[in-house]
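**Student:** The lines below spell out each chain.
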Amino acid sequence: MSSLIVCHACDLVHRRDVIPEKARVRCVRCRAELYRTNSASIDTAVALGVTAAVLLVLSNVYPLVALQLNGNVRATTLVGAAIGLYEQGYALVGALVLLTTLLVPLFQIAGLLYVLVPLRAKWRAPGRNELFRALTYLRPWAMSEVFMLGALVALVKLSALAEVIPGVSLYSYGALMLSLAALTSVTPSEQFWRWVDGEEK
Amino acid sequence: MSAFVMGRTVGLLVCTHCHETVRAAPGTRARCPRCGARVHERRPHSLAETAALISSAALLYVPANLLPVMHMHTFLSDEDDTIMSGVLSLIQQGSWPLALLVFVASIVVPLLKLVAMGWLLISAARRSPGHALQKARLFRLVDFVGRWSMLDVFAIALLVALVQIRALATIHVGRGALAFGAVVVLTMLAAQSFDERLLWDSHSDG
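Which chain is which? The protein sequence lines are A and B, in order.
For the first sequence, the positions run 1 to 201 when my numbering is used.
For the second sequence, the positions run 1 to 206 when my numbering is used.
If you're looking for bench data, these hints aren't it; they were derived computationally from the structure.
Ideal Cβ positions, reconstructed from N, Cα and C, are used throughout, including at glycine.
Don't take every hint at face value.
[Stated by the list, open to error] Label pairs and their in silico Cβ distance ranges:
id	chain 1	residue 1	chain 2	residue 2	range
1	B	M84	A	S185	31 to 39 Å
2	B	W119	A	N72	48 to 56 Å
3	B	T9	A	I19	24 to 32 Å
4	B	S55	A	I19	38 to 46 Å
5	A	R31	B	G118	17 to 25 Å
6	B	S85	A	Q68	24 to 32 Å
7	A	I19	B	Q93	47 to 55 Å
[To be verified] Below, a sample of chain A positions facing chain B; criterion: calculated Cβ distance under 8 Å:
id	residue
8	S2
9	S41
10	L67
11	L85
Chain A on its own, in the form it takes in the complex:
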């Protein structure tokens, strides 16, 4: 480990110092977070990843929400919402919805488990570095929490028109949002590479 740290946000050079437990180390000039010392364990991250994986499956098996209007019932799943856009000729918007609510979260969960489980056993998964870099780059594109608020807005608008019946998937997707947020917060890229440094020593 180098004795000097360069701030990734403003290029200022810092001398590495001994930092007490449970602290966030920030750049003295631009206040960007350089690293944290309250690191979670790999086990915590793996547990959150498995939880998120189960919730992601549930969220796609069951309908998200159903609408009842004069005896007609119409339900949709998450994928159904993207397909609806595609069928109306908005394939790009449909792809954007599918990517941000399902495919990128799926890639995050599967990718993190793929790199973390072998790391626990002090083993290096093939393609690990490239994969983890791709995961970090794609992080802002996993938008589960934004989708939940969007769903809330849609349901409130619909409640004026018809009866809205929330489905199992609405709840499991809410839980997925929380576990994905927790997973993301315990695996910042800087933390992941410190785990790698620790395991390979």
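For chain A, the structure is supplied; the task is to place chain B on it using the hints.
**Tutor:** For chain B alone, coordinates are given in the frame of chain A:
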């Protein structure tokens, strides 16, 4: 304590991906020894790339707000909804908190991103030294809130999928939704391609 020391002046680079310190001669094509990412003194063509993305987003911002994002057809009425009329209809329903949320996420945030990124770009290009900390904080705010503008796109997707009850009510996507989605994507890419270290380059001390 004298003036601050910049990594570029002492031949130290930082890997923007894993934050490892990398020793490299200036101008060389280095890779991070730890994670393998390309390490640059400054991200190449950052300003040009960000400027291209932001100006495309600014152009699309006009149709995104003027064109309807959806059409609703019921046995009683036919109506076009733009982003703004969607906010107004939430107010009429009495959902003030949600109306405020949509107003901020769909109207304030995209506008803030365009204005803020435009200002940061100009100030980085002119190497103006003042207010570096405020500019850095503004950039981080823009970077953080950018994804929330997708909220309306998701709401439209669900409305379109659910309200397909023939003869009673149907909802169709409007072209504004495509432009709006593009604005969100382009502004997010613009924030990702902006190298915030440029804000500090002309700021030699304090």
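**Student:** Can L67(A) be said to touch chain B, with a Cβ gap under 8 Å?
**Tutor:** At about 5 Å, which falls below the 8 Å cut-off, the nearest Cβ of chain B leaves the hint on L67(A) intact, so it holds.
**Student:** Within 24 to 32 Å or not, the Cβ separation of S85(B) and Q68(A)?
**Tutor:** Given range 24 to 32 Å: holds, Cβ gap about 26 Å.
**Student:** Does the nearest C-beta of chain B fall within a distance shorter than 8 Å of the C-beta of S2(A)?
**Tutor:** holds (4 Å)
**Student:** Holds or violated: the 24 to 32 Å window for the beta-carbon distance between T9(B) and I19(A)?
**Tutor:** The hinted range 24 to 32 Å holds for T9(B) and I19(A), with Cβ atoms some 26 Å apart.
**Student:** Given S41(A) as an interface hint, is the shortest Cβ-Cβ distance to chain B below 8 Å?
**Tutor:** Where the cut-off is 8 Å and the nearest Cβ of chain B is about 19 Å from S41(A), the hint is violated.
**Student:** Is it true that the C-beta distance of R31(A) to G118(B) lies inside 17 to 25 Å, as the hint says?
**Tutor:** holds (23 Å)
**Student:** Please verify that hint: L85(A), Cβ, nearest Cβ of chain B, below 8 Å or not.
**Tutor:** holds (6 Å)
**Student:** Does the hinted range 47 to 55 Å hold for I19(A) and Q93(B) at CB?
**Tutor:** holds (51 Å)
**Student:** Within 31 to 39 Å: is that where the Cβ-Cβ distance between M84(B) and S185(A) falls?
**Tutor:** Because 35 Å falls inside the window, the suggested range holds.
**Student:** With respect to the beta-carbon atoms only, verify the hint that W119(B) and N72(A) lie 48 to 56 Å apart.
**Tutor:** The hint (48 to 56 Å, Cβ to Cβ) holds, given that W119(B) and N72(A) are roughly 51 Å apart.
**Student:** Would you say the C-beta atoms of S55(B) and I19(A) sit inside 38 to 46 Å of each other?
**Tutor:** holds (43 Å)
Violated hint: 9 only; the structure is consistent with all others.
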